[in-house]
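Got chain A sorted already, so can you dock chain B onto it with the hints?
Here's the letter readout for the chains.
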Amino acid sequence: MNATLSIARRELREKTHLFGAAAALAVLPFLATLLPISRSWGSGTMVATVGGILAVAVALAVAIILGASTIGRDLSDGRLSFYFSKPVSPAAIWIGKAGAAVLLIVTTFAIVAVPTMLVAGLTWKQAWSDDAFGFFFGSLSAALALFFVSHVISTMVRSRSALLALDLLLALASIAASVLIVRPLIEAFAMGLAGSLIIAVAVAVLLIFMVAPVRQLSDGRADLRRNHAALSRIVWPAVAVVLLASAAYVTWVVSASPTDLKKWYARTAPAGDWLYAGGEARGRGGYEATFLINAATGQSVRLSGPPFWGATFSRDGRMAAYLKPIDMMNWSRSGAELKVVDLAGTDVREQATGITATPGSFALSDDGSRVAVKNDENLAVYDLATKRSLAAVRFGLVRGDLALFFVTPQIVRVLVRDREPHNAGLTLKVYELDVAKRTLTQTGQLALAGSNGWLRVTPGGAKMLVATNMQGGEAIIVDGRTCAELQRIPNAMHATLLADGTAASVVKTADGSLHLQTFGAASRDVPLPRDVQSAYVSRETADGKVLVNGRLGPNGSRVLIVDPAQGKIVRSEEGMRIAAYPWEDIRVAIPSNRVTAYDGDGKLVAWDVTTNAKRVLAGS
Amino acid sequence: MNPEAPVLRIDNISVRYGARTAVDSVSLDVPRGAVYALLGRNGAGKSSLVRGVLGQLKPSSGHVEIFGRDIWNERTSLMDRIGVVPEDADVPPEMRVAAVADFHASIYSRWQQSAFDERIRRFAIDPRRRMRELSKGQKKQVMLALALAISPDVLLLDDPTLGLDVVARKSLFEEVIGEMADRGITVLITTHDLAAVEAIADRVGILKDGRLVLDEEAETLKSRFRRIRFASQALALNNGALVAASVRQWGSGGTEAVVSNYDDVAFERFRNATNLTSADVAPMSLEEIFIAVAGEA
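For the protein sequence lines, the chains are A and B, in the order given. Using the working numbering, the first residue of the first sequence is number 1, and each one after it goes up by one. Using the working numbering, the first residue of the second sequence is number 1, and each one after it goes up by one.
Pulled out of the complex, with its shape left as it was, chain A reads as follows (with noise of 0.2 angstroms):
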């Protein structure tokens, strides 16, 4: 300790020039008022703006400088000879040497700052930061890894040995692996985990950095060449086993398995036993999986795309669809390739199509063969077996959501909720690409009050729900290709249409009472039991019931099974929670038995209404 204190004292008493330069800098951002521009800045203004530039930019210099002089220049001029003719170890050496760098790196970016931070007050709150600890820290942090890293270069650089080229050739390798490493974090789009995992790696590769030249100086001594060899020998092998770490938690995160998965994203196919589940897995940061999985055999599929854009069937559940970004850093650019899975074949993989798309702005054709897709101002149908384009139109921009669906193979619904200018709400507006004839039509039109909107259509496309207010709003029956009005259905804190044609809605009573009403051959009104607070139609089963999900507080849950023909509620399941996705399917889902939801633990299962049989998809 002595040695170093010591060492440490003779390197500071050598460098007591830069305490003077930086004296003499941190007078120019008070002398950068008497500047014309500071009239119109302020002088409050120049003096933080200048102290801070010079600041950091001064701690930055002196990093560098001293990085690159402090071991380097002694072993290229031969005076660390000076130090190893006397017993005082390498440890001590480095640190002595190193302390003394970073009291200085700091004290001249202390003696610049602080003066300007003083005089400037809160005007250099607002040029720079409220967080004047996290601007000291972020400066100096960036100074100080500067510093480090300029050793370890000056080091190799001075030594003019042929190492230096393999030096260069691991450090290109420890990038592009690094770069290798984070991209299937990135490619799921965790970007909070890959930020999280390069700054890990980057503190890592730093702490080699700060500890290596102690190895360095015990192994190379006073000799450059030696010092470069031993730098080189301990710096590579232990960024190699960081990498290496970091290579193996990805290859851990990325190996997520559906029993990994504690949120959900879940989306049945209309028909078939696929389904669609994608959630954060438990333990890895944050990254969330995407699964295609077989309900009744257990099999999954892992997808590439990020899991919140989803995957959509095809109306007969053979075939599923999603995206998978160009360009994971700059896909709003770039755009999205469609990827299909064949569900019906033997081989269940993912398939490049080479066709672009944006989240939402595609649909498969009932029977999976073709896709229509809103890219950019056009509307296009593709042949998914060759990847032809079938038909392309003109669409322009839309300024709202669209969704769009084949009413039969040749023609294609759009329905654009248009946002009016001037926020004076939305206009529904119903399009028709008929792809035998390449021709766009709008076949309807209304204006809705509210500023959103929830549709749902009939398999046919005959009908449409439009609901602006879910909130104890109106709801409208229309034509669902001209938008002419069939029904009016008041009161619905949530609507949707069963797969007859008719409606089904969630009504508050005047004594704050929840009630499920149908309108079909026979209107019925169900009371829901008074603990549920807030409920919406879910599914209907291919025998007539209507599943209804229930919430009953924060956090529970349950499942009302009603039979609009007796107009009552003939069972609820406690605890479980029909799987819901944001980006639904528009039309009404085919009535199946099977469903999907979340058991009283959480958990995915495939759920026999009929049966009550459950199997545990999804969660562990």
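Keep in mind the hints are simulated off the structure, nothing from the lab. Note that CB positions come from ideal geometry on N, CA and C, so glycine has one too. Be aware that a few hints might be false.
[What the hints assert, rightly or not] Taking beta-carbon pairs under 8 angstroms as the criterion, some of the chain B residues facing chain A (in silico):
| # | residue |
| --- | --- |
| 1 | Leu-54 |
| 2 | Gln-56 |
| 3 | Leu-57 |
| 4 | Met-79 |
| 5 | Asp-80 |
| 6 | Pro-86 |
| 7 | Glu-94 |
| 8 | Ser-106 |
Below, chain B without anything else, positioned relative to chain A:
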């Protein structure tokens, strides 16, 4: 530690820089209290050997022990007992002499400030001066004062008189001799100043092309080397079982031979066998022996 054991033991060390071998399988011992003069021409490998001895450079093979402890592994603690005067003063040039002394005082356990002050005063060096302001001789004197003020058990002098004038050389060696007499320290000295070292060296080693070609007690060395001059063409020295280190023409038709295993009986045998009537046999200085062994400059 066994008091009879050598203080410094160099055990078969080699130092290589890439393909070049600077020191090739050198072994030598320096007994306690002895002065070992390591001689060699420029590039012979002296500096590499010294760096190895100081634990500043790891030998490619072999090892160095000081007081029976491996210098590479235990350099930090051993250096507390080793004074070093490097070939070139490696003190940061901006440091003042007094600051250098302060630095030494803070890291050496047996530092003697008064001894340092006394020597610096004797050398007429102002301790307030910076190292860069001193002449080469003064720097060497400061380094010697530093090395002796730590109360060393071992003193390593790496060509300490290189570039010094006669007065400075004399002064430096007087200091070393004085300290040796006072404390009986063990000295390893590499030098070109053979005349000066001749008076103090107990043992001499000669490095040539990285190899230790000679390692012997100084007195024995001087007793077995003779220069023989005779007025005839070269005669077969091996007639008397004498070994010639070098043979060259001398004067007009005469011969000068340096014999490395001289003794009177062998010389008589040689004379009788060759019917040599007159010959001049002279003892040799260390410098002459060095030239004969290491080759002329």
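Right, here's what the structure says about each hint:
Below 8 angstroms, beta-carbon pairs count as interface contacts, and Leu-54(B) has one with chain A at about 6 angstroms; its hint therefore holds. A distance limit of 8 angstroms between C-beta atoms decides the matter here; for Gln-56(B) the minimum to chain A is near 4 angstroms, and the interface restraint holds. Proximity of Leu-57(B) to chain A holds as hinted, the smallest CB-CB distance being about 6 angstroms (cut-off 8 angstroms). Checking Met-79(B) against chain A by beta carbon gives a least distance of about 4 angstroms; that is within 8 angstroms, so the hint holds.
With 8 angstroms as the threshold, the beta carbon of Asp-80(B) comes within range of chain A, its nearest partner Cβ sitting at about 4 angstroms, so the hint holds. A cut of 8 angstroms between beta carbons decides the hint on Pro-86(B): the least distance to chain A is about 6 angstroms, and the hint holds. The interface hint given for Glu-94(B) holds, since its Cβ lies 6 angstroms from the closest Cβ of chain A, which is under the 8 angstroms cut-off. For Ser-106(B), the interface hint holds, the least distance from its beta-carbon to any beta-carbon of chain A being 4 angstroms, beneath 8 angstroms.
Violation of the numbered hints given earlier is absent; every hint is satisfied by the structure.
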